[in-house]
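Could you build all of it, start to finish, from the sequences and the hints given here?
Here the protein sequences come in this chain order: A and B. Take the first sequence: its letters are residues 1 to 153, numbered as in my numbering. Take the second sequence: its letters are residues 1 to 141, numbered as in my numbering.
Honestly, the hints are just simulated from the structure, not real lab data.
Dumping the calculated DMTMM-like pairs for lysine to aspartate or glutamate here, alpha-carbon to alpha-carbon at most 20 Å: (1) A:148 to A:45; (2) B:18 to B:131; (3) B:28 to A:130; (4) B:28 to A:105; (5) B:18 to A:43; (6) B:83 to A:130; (7) B:18 to A:105; (8) A:64 to B:45; (9) B:28 to A:108; (10) A:64 to B:46; (11) B:28 to A:129; (12) B:18 to A:53; (13) A:135 to B:87.
Since we're looking at a predicted model, the values are computed, not measured.
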Amino acid sequence: MSPTCVTDDVSAFSHSNLLETSAMDTGEGLPVWWQKSADWFRECENNIYKLQELEPNWNSYGAKPVSFKSIQLTGEIIYELSKMSGISCPRIGASPTGNVVLSWEWNDFTRELEIEIDPAIGIRYSYFDERSPEKDCEGETIDPMDIKLILTN
Amino acid sequence: MDSINDEQIVLRRVPPSKPQLATCTELKSGELRATSIAMATERGEEYLSCSLLSHTTPKQLLDQLQKFGVDSNGWMVCIFRAKDVRETGYEIFHDPTPSDPGHCSISGQGGTVIPNKKLQKLAKRTRILTEDELEDSSQIS
Numbered sequence: 001m002s003p004t005c006v007t008d009d010v011s012a013f014s015h016s017n018l019l020e021t022s023a024m025d026t027g028e029g030l031p032v033w034w035q036k037s038a039d040w041f042r043e044c045e046n047n048i049y050k051l052q053e054l055e056p057n058w059n060s061y062g063a064k065p066v067s068f069k070s071i072q073l074t075g076e077i078i079y080e081l082s083k084m085s086g087i088s089c090p091r092i093g094a095s096p097t098g099n100v101v102l103s104w105e106w107n108d109f110t111r112e113l114e115i116e117i118d119p120a121i122g123i124r125y126s127y128f129d130e131r132s133p134e135k136d137c138e139g140e141t142i143d144p145m146d147i148k149l150i151l152t153n
Numbered sequence: 001m002d003s004i005n006d007e008q009i010v011l012r013r014v015p016p017s018k019p020q021l022a023t024c025t026e027l028k029s030g031e032l033r034a035t036s037i038a039m040a041t042e043r044g045e046e047y048l049s050c051s052l053l054s055h056t057t058p059k060q061l062l063d064q065l066q067k068f069g070v071d072s073n074g075w076m077v078c079i080f081r082a083k084d085v086r087e088t089g090y091e092i093f094h095d096p097t098p099s100d101p102g103h104c105s106i107s108g109q110g111g112t113v114i115p116n117k118k119l120q121k122l123a124k125r126t127r128i129l130t131e132d133e134l135e136d137s138s139q140i141s
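Listed below in structure tokens is the structure:
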């Protein structure tokens, strides 16, 4: 697992996205980045925004509603991930804290990665591998590339 | 505090699963299990609330939704055994409340905050009850 960075300000992540988006604009109406995201991106993004509909105590054990900041940040992260080859559509959910949660299971359901998008932190991840428990890890990052590395290694 | 033996069955409510809130997933066997979305605690929270089948039936657990003003339509109940909790590295103890005599709490070892990845592992050991099992808890094994 590569070392990851931790920050208490995710503006650096958002700013890098804006720069990339701007640099790839063709100037012909539709930016290139829309053409490069995976087929699943739009439906996934729509479903993430539907998390706004969750009411307080949606899990019946005291969960908070999902924060709009987390939804917005997840939209940016999922866009970045959808441009990377080998990344499939995640399972979508929420945490009782009020953040968006995405997860993937692969390798015959023996590996699972869960990420929680916390606007105060960035991405909090938790990975386990039933066949190689020594690779289990948890951490925080602001770089979607760290997530890709886990998903494609 | 009552001790809970390894074979006792533990229950937890699972919200309806939707594309934007995947609370359950299908196993290779065709059965359903809860995802960690349905098994999560708030960050820093020390306990995951569950119920013991020996004291609370799945139907009673879903009936508790009424007091929150929630329609139980589409809600599910997942089960696992106390040994699943312990083998995943948690502790479990009976912690009855006025509204749920079977209420029990799951915590990290030594009462520590629960690490995320262990909740993922516990979720993988769950099974969603069928409609028949919800109606007649004697069918649960």
